[in-house]
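K.L.:
Now for the letters of each chain:
6 protein chains.
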Amino acid sequence: MPLVYVTRKEQFNAAHKLYNPNWSDEKNEHIFGPCANKNWHGHNYDLWVTVKGEPNPETGFVVDLKDLSQLIRSTVIEKLDHKNLNLDVPFMFGLLSSTENLAIQVWIQLEQPIANLGCRLHSVRIAETERNSVEYFGS
Amino acid sequence: MPLVYVTRKEQFNAAHKLYNPNWSDEKNEHIFGPCANKNWHGHNYDLWVTVKGEPNPETGFVVDLKDLSQLIRSTVIEKLDHKNLNLDVPFMFGLLSSTENLAIQVWIQLEQPIANLGCRLHSVRIAETERNSVEYFGS
Amino acid sequence: MPLVYVTRKEQFNAAHKLYNPNWSDEKNEHIFGPCANKNWHGHNYDLWVTVKGEPNPETGFVVDLKDLSQLIRSTVIEKLDHKNLNLDVPFMFGLLSSTENLAIQVWIQLEQPIANLGCRLHSVRIAETERNSVEYFGS
Amino acid sequence: MPLVYVTRKEQFNAAHKLYNPNWSDEKNEHIFGPCANKNWHGHNYDLWVTVKGEPNPETGFVVDLKDLSQLIRSTVIEKLDHKNLNLDVPFMFGLLSSTENLAIQVWIQLEQPIANLGCRLHSVRIAETERNSVEYFGS
Amino acid sequence: MPLVYVTRKEQFNAAHKLYNPNWSDEKNEHIFGPCANKNWHGHNYDLWVTVKGEPNPETGFVVDLKDLSQLIRSTVIEKLDHKNLNLDVPFMFGLLSSTENLAIQVWIQLEQPIANLGCRLHSVRIAETERNSVEYFGS
Amino acid sequence: MPLVYVTRKEQFNAAHKLYNPNWSDEKNEHIFGPCANKNWHGHNYDLWVTVKGEPNPETGFVVDLKDLSQLIRSTVIEKLDHKNLNLDVPFMFGLLSSTENLAIQVWIQLEQPIANLGCRLHSVRIAETERNSVEYFGS
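Protein chains in written order, with the numbering used here: chain A, 105 to 243; chain B, 105 to 243; chain C, 105 to 243; chain D, 105 to 243; chain E, 105 to 243; chain F, 105 to 243.
Some hints here could point you the wrong way.
Since the list can't tell identical chains apart, any single copy or any two copies may satisfy a pair.
Quick list of in silico lysine-lysine cross-link-like pairs, PhoX-like style, CA-CA up to 20 Å [unchecked claim]:
| id | residue 1 | residue 2 |
| --- | --- | --- |
| 1 | K183 | K142 |
| 2 | K170 | K131 |
| 3 | K131 | K183 |
In case anyone wonders, no lab produced these hints; they're calculated from the structure.
Please model the entire structure based on the sequences and the hints provided.
P.N.:
See the structure below:
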């Protein structure tokens with residue numbers, strides 16, 4: 105049976121800083137440079153969620169992209185968009201707000217709800233800037 | 105021996121609608137929403153074809169991209185560009201014109217001709233919009 | 105007083121064909137080529153609406169972009185998106201569905217409603233493909 | 105003599121919020137919506153600076169783009185990148201951090217230094233997101 | 105009567121170097137830096153040609169974009185694409201191959217042929233990289 | 105333990121030609137077409153380097169992207185940018201300057217230095233134009 109991969113792109117705009125509370129301000133500044141700016145900085149993040157499955161013969165869809173978009177928005181985008189990743193996002197509490205950690209946590213949030221739509225989560229990719237991105241395929 | 109993946113991007117502009125003839129108009133509208141508009145809608149589709157193989161020592165090429173482009177154009181683009189995916193494309197007859205089905209059928213059209221060029225088809229990716237895309241790697 | 109130009113981008117996906125009813129099918133095909141395909145083709149259209157005005161000292165805004173986006177969507181996008189430009193769009197009836205005519209008609213639809221928001225319409229730009237676009241600044 | 109327009113694009117990543125200190129928190133939230141989030145949000149801002157002048161016959165340049173880039177970076181980017189537009193940027197103190205106000209202030213910072221390079225500032229364009237941008241041509 | 109602006113984008117890939125033959129190699133290197141590399145470097149150039157005119161009531165077109173594209177290709181792209189701007193392009197002989205000079209010369213090549221198509225050349229824009237571009241509107 | 109893939113994009117502008125010294129000029133022109141132009145042509149090349157590893161709990165990083173960018177620049181970009189791929193780049197001597205060969209050689213240059221940063225090289229992707237790209241995952 106044909107396995108097809110379907111990708112939906114969403115976006116969110118958020119503030120954050122890279123800061124390890126076990127370190128001095130000096131060490132944070134030394135390691136993270138301007139990303140440690142105490143008054144925060146921010147990004148337009150792009151998020152690509154890829155799911156896989158077999159197309160339903162009645163619709164031609166692996167998943168209805170309206171449903172997938174709605175699920176991504178309600179599960180993660182509403183919690184991330186126009187927020188502070190360090191202060192406002194429960195699933196990031198206690199974690200450094202690197203793009204790596206963000207991708208892992210978005211995966212954890214999405215994996216079961218996407219299974220409930222009848223397909224499987226394949227990857228979560230997040231671009232922090234045009235030049236820097238990460239991708240996570242689960243553990 | 106080094107296996108290298110080579111990707112060529114092509115584009116086509118087409119009309120379509122999502123419509124299951126086994127369903128009432130109401131059910132089509134309920135499931136497919138505005139994509140079921142009876143007078144059609146359309147897209148600028150982007151198509152990425154990825155092939156794999158070892159570079160030829162005399163040319164440095166896995167495949168001459170002029171040949172690959174020419175093959176993709178004559179095999180699929182000429183049948184899709186400025187066409188109606190539901191009415192004009194023989195290899196889509198009887199199928200829902202979802203991007204999933206389109207990617208599977210483009211794969212079927214391209215697999216053997218690309219083998220004849222001396223490399224192997226790796227994936228067919230089609231983006232219907234900037235936010236929605238599918239990828240198929242064969243069965 | 106500082107005059108600032110503000111641009112909002114929206115998108116719509118539509119079917120159309122180029123067809124002059126005063127001509128024979130042969131002449132339509134000769135002049136318009138594949139754009140005259142009788143079963144339609146389609147595009148992802150990008151629309152940029154630029155307005156101008158002085159920023160309000162209390163908000164820093166020439167116009168609230170949520171209001172501008174909402175106005176563009178209700179005034180033109182809802183009438184164009186997932187539609188057939190020749191059959192479904194009242195403000196295009198009787199006109200060739202060229203991008204030039206589309207930009208002029210979108211301008212006519214938007215000019216007064218944008219004035220009602222407290223700024224002036226400066227230009228309407230529409231891209232039919234990545235390579236072809238038109239811009240209209242009013243008459 | 106030929107007048108040529110030369111554009112350099114730079115980028116910066118910053119946090120901000122839209123907040124009018126003369127208003128209650130409720131009114132800020134009512135007017136600015138999620139842009140008023142008290143813990144900030146942020147963006148990848150794109151900045152295009154366009155200058156105009158006649159090409160120097162000895163270099164073919166209106167301006168050496170290395171010099172223009174260096175000037176934009178030292179004059180504005182270093183003050184904006186990885187900063188909080190409300191708290192960290194002297195030339196934005198006391199102003200609402202709308203993109204409109206940002207473009208006007210960037211113009212003010214750049215106008216004289218660009219004249220010192222031997223050409224004239226023509227416009228400052230800033231995109232806050234892919235869909236929202238402003239342009240300022242001076243007063 | 106409505107004046108509409110129509111833009112066609114074309115591309116070419118070329119080698120060049122910035123080198124003033126009246127200067128020593130040292131001065132060329134000092135002024136132009138790595139752009140003076142004696143063995144050349146190169147770019148994917150993007151070219152946007154904007155014309156203006158009134159739409160023809162029979163076609164809806166200011167200009168048939170197939171004709172405009174064909175004219176741009178035969179008049180300038182064929183002379184620039186896969187060429188060396190310093191050695192292979194007659195209309196650049198004796199000129200520094202800056203993007204400014206290139207835009208001026210492309211304008212000169214295109215102005216009369218575009219008038220022969222029944223519209224007027226409005227601007228020539230050339231991007232050498234994603235960050236550096238020039239635009240020329242004629243003298 | 106979570107394995108995360110991190111991608112950094114860099115760019116370089118270079119001249120090259122496709123030319124097999126064992127062939128006559130006629131055969132080179134026949135096989136490579138305009139890519140064999142004796143006076144060279146050139147491109148803006150995009151390079152994506154993907155590494156994989158587990159995020160460091162103290163930084164949240166698989167690799168500090170400042171370090172990865174610095175390593176890519178010193179190891180390959182400085183040798184490629186504003187250079188002639190056939191004449192100026194030691195690691196390309198004796199090889200046809202196809203994008204395939206370039207990707208393989210960039211991999212060879214980067215594999216050990218990236219291991220020294222504490223992560224593993226996953227892939228090297230190079231786009232010669234918007235439509236043509238190659239990817240190499242090692243042998």
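K.L.:
Which of the stated hints cannot be reconciled with the structure, identified by number in ascending sequence?
P.N.:
Number 3 - this is the single hint that the structure violates.
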